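To convert, note that position 194 of the sequence shown is 194 in UniProt numbering; the numbers rise steadily by one, no gaps.
Wrong hints could be hidden among the right ones.
[To be verified] Computed cross-link-like contacts, BS3-like style, restricted to lysine-lysine with a CA-CA straight-line distance of at most 30 Å:
1. K152 to K76
2. K132 to K76
3. K159 to K92
4. K92 to K204
5. K107 to K209
6. K73 to K87
7. K180 to K212
8. K209 to K95
9. K159 to K76
10. K107 to K92
11. K209 to K87
12. K92 to K212
13. K212 to K107
14. K107 to K119
15. K201 to K180
16. K73 to K201
17. K132 to K119
18. K87 to K160
19. K201 to K95
20. K87 to K159
21. K95 to K204
22. K119 to K159
23. K212 to K152
24. K73 to K107
25. K107 to K76
26. K151 to K209
27. K180 to K95
28. K204 to K159
29. K95 to K212
30. K107 to K151
31. K87 to K212
32. K92 to K209
33. K95 to K151
Simulated from the structure, these hints should not be mistaken for laboratory data. Computed from a prediction, not measured in an experiment: that's the story for all the values here.
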Amino acid sequence: MSPFFHILRSSSLASSSTGEEEEGQTNETALGHLREFETIKDTINELHDRIEIEAGSITQDQKYFADYLHGVKNFKPWMEDAENVAKTPLQKPEKLEEALALLETVKTFETACQENRSKLDAAAESRSLMEKCTKEDNEVETLNNRWEVVKKTADERVKKVQELCDTWSALTNVTENLTKTITDIPGSTMPDVATLEGIFKEFKEINDKKVKLLAVV
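The whole structure should be built from the sequences, with the hints applied where relevant.
And the structure:
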């Protein structure tokens, strides 16, 4: 084999080896880029998922906050009117029928207190369901305290007027019995003075109680 042939063969082998090395380096670089691309893609997908979750959370919180504001807005007008009613003294009845009518009025007001409380509770629940707390003041706490003051007044009024009506009704019955007993005396040969005294004593006790109850209504 001629020296020239050896030179060509060596050159060919060297060229082939260099090509394989370059190809190997190229493949490794490509794989590196591919791995880097996959990593970036995973990061982007993860970030996208987080954004979607965050956006969903914000959207739901906005809904809860809107419900909270709506509940508070609907409750406030009634609260203001109720406070005015609670601060206004009751008109004292002059007869049993007026006392019974007053009893219906105070019962209606007490029922309204209970029914409107549901609006406040709904607003409080909507706010509590929010994942991210808002910086705005929680008006539910203040409104709740105001409601409790009004509800206490409503309960006291129902109790007092109910007792007044019961006492007044009892007084009416005793009065009728006393009137009948007195009316029957002229036609009786032997009036039952003890019974009459007992009825009169009962009348006086119930009437005194009615006067006291009427004073605190």
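*Which hints, by number, does the structure contradict?*
Number 16 - this is the single hint that the structure violates.
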